[in-house]
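Trainee: Spelled out, the chains give:
There are 2 protein chains.
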Amino acid sequence: MVDILHKVGIKSSSPHDVYKALTAREGLSAWWTTNTQGESKADGVLLFRFGDRGGFDMKVLELQPDKRVLWQVVDGPREWIGTRISFDLRQEGDWTIVFFKHQGWKEPVEFMYHCSTKWGVFLLSLKSLLETGKGAPYPDDLKIDSWE
Amino acid sequence: MVDILHKVGIKSSSPHDVYKALTAREGLSAWWTTNTQGESKADGVLLFRFGDRGGFDMKVLELQPDKRVLWQVVDGPREWIGTRISFDLRQEGDWTIVFFKHQGWKEPVEFMYHCSTKWGVFLLSLKSLLETGKGAPYPDDLKIDSWE
Chain A
1 MVDILHKVGI
11 KSSSPHDVYK
21 ALTAREGLSA
31 WWTTNTQGES
41 KADGVLLFRF
51 GDRGGFDMKV
61 LELQPDKRVL
71 WQVVDGPREW
81 IGTRISFDLR
91 QEGDWTIVFF
101 KHQGWKEPVE
111 FMYHCSTKWG
121 VFLLSLKSLL
131 ETGKGAPYPD
141 DLKIDSWE
Chain B
1 MVDILHKVGI
11 KSSSPHDVYK
21 ALTAREGLSA
31 WWTTNTQGES
41 KADGVLLFRF
51 GDRGGFDMKV
61 LELQPDKRVL
71 WQVVDGPREW
81 IGTRISFDLR
91 QEGDWTIVFF
101 KHQGWKEPVE
111 FMYHCSTKWG
121 VFLLSLKSLL
131 ETGKGAPYPD
141 DLKIDSWE
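First to last, the protein sequences are chains A and B.
Under the numbering used here, the residue at position 101 of the first sequence is numbered 101, and the numbers go up by one with no gaps.
Under the numbering used here, the residue at position 65 of the second sequence is numbered 65, and the numbers go up by one with no gaps.
Quick caveat, the hints were computed from the structure, so don't treat them as lab data.
In this text the structure is predicted, and so the values were computed from the model without any measurement.
Fair warning: there could be bad hints in the mix.
Note that the list lumps identical chains together, so a pair holds whenever it fits in one copy or between two copies.
Cross-link-like lysine-lysine pairs, in silico, DSS-like; alpha carbons within 25 Å at most [claimed, not checked]: (1) Lys-67 x Lys-143; (2) Lys-106 x Lys-11; (3) Lys-143 x Lys-41; (4) Lys-106 x Lys-59.
Next up, chain A with everything else stripped away, as it sits in the complex:
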């Protein structure tokens, strides 16, 4: 089992603001993909779409307000199905720290290398959204390799 881990600190923000950006559809669509549908409530399913690339359906497994969000991938690329994605929030002074984990990958396939870097890019988009009011969600995301 191999995991993707990331950490970003978001300045002048509260865990409450970050939690909103991770749970409200208008928040998610402002840093990950503009095409975000579905219901962000326990047992709801969120649909994230990326044009021709398809996308991911995430079942919301856990919502701890201002603290933690946990999703499980129920549809999408074969390697993602069954994996879990979590965001844990911690306040440190004027900052909110986001600990990100995408766990349950069976093998460190090449696609995992791509997804690891790309999650970093999207978490920086989340940071930017909260710090400046402007994220870079798909389709305006930073492209990182030849197949995007």
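Add chain B to chain A, keeping to what the hints say.
Mentor: Only chain B this time, still in chain A's reference frame:
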């Protein structure tokens, strides 16, 4: 054992150019840290410094021209010592794809979350250096959290 994995594609570049940026001191200092010293040859030691934050000493374990670079951390933060960092290059048409691995972490400590995101940031700096002529090495790197 947990690894940090990343992948970036560098447009209009050759594995030879990327290899140079990963081995020549002037290359490394243009995307990772401006304070790069030492000798990039087999069994040589490279010294990367980041101001007050200290830095890393890397022994060069393997150099396969235009294909692969492997370092082992011989001094630096406790969690890094003994870990290995590799860059594997592959040509795909007009692109050079970089597969990055930082392996040998004993535990997924919080510092590993930070380093994972930060490696992504520096690999995007490498990409930018080769695509535009300008990287963002320390101290001009993108700061990602509160302790930088």
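Trainee: Each hint needs a verdict: does it hold in this structure or not?
Mentor: The hints, checked one at a time:
1. In this assembly of identical chains, the alpha carbons of Lys-67 and Lys-143 lie at most 25 Å apart only when taken from different copies (23 Å versus 30 Å within one copy).
2. Taking the shortest alpha-carbon separations for Lys-106 and Lys-11, neither the intra-copy value of 35 Å nor the inter-copy value of 30 Å comes in at or below 25 Å.
3. Neither within a single protomer nor between protomers do Lys-143 and Lys-41 lie at most 25 Å apart by alpha-carbon distance, with minima of 30 Å and 33 Å respectively.
4. When the C-alpha separation of Lys-106 and Lys-59 is checked against a cutoff of 25 Å, the pair qualifies only within one copy, where the shortest distance is 19 Å, while the shortest distance between copies is 31 Å.
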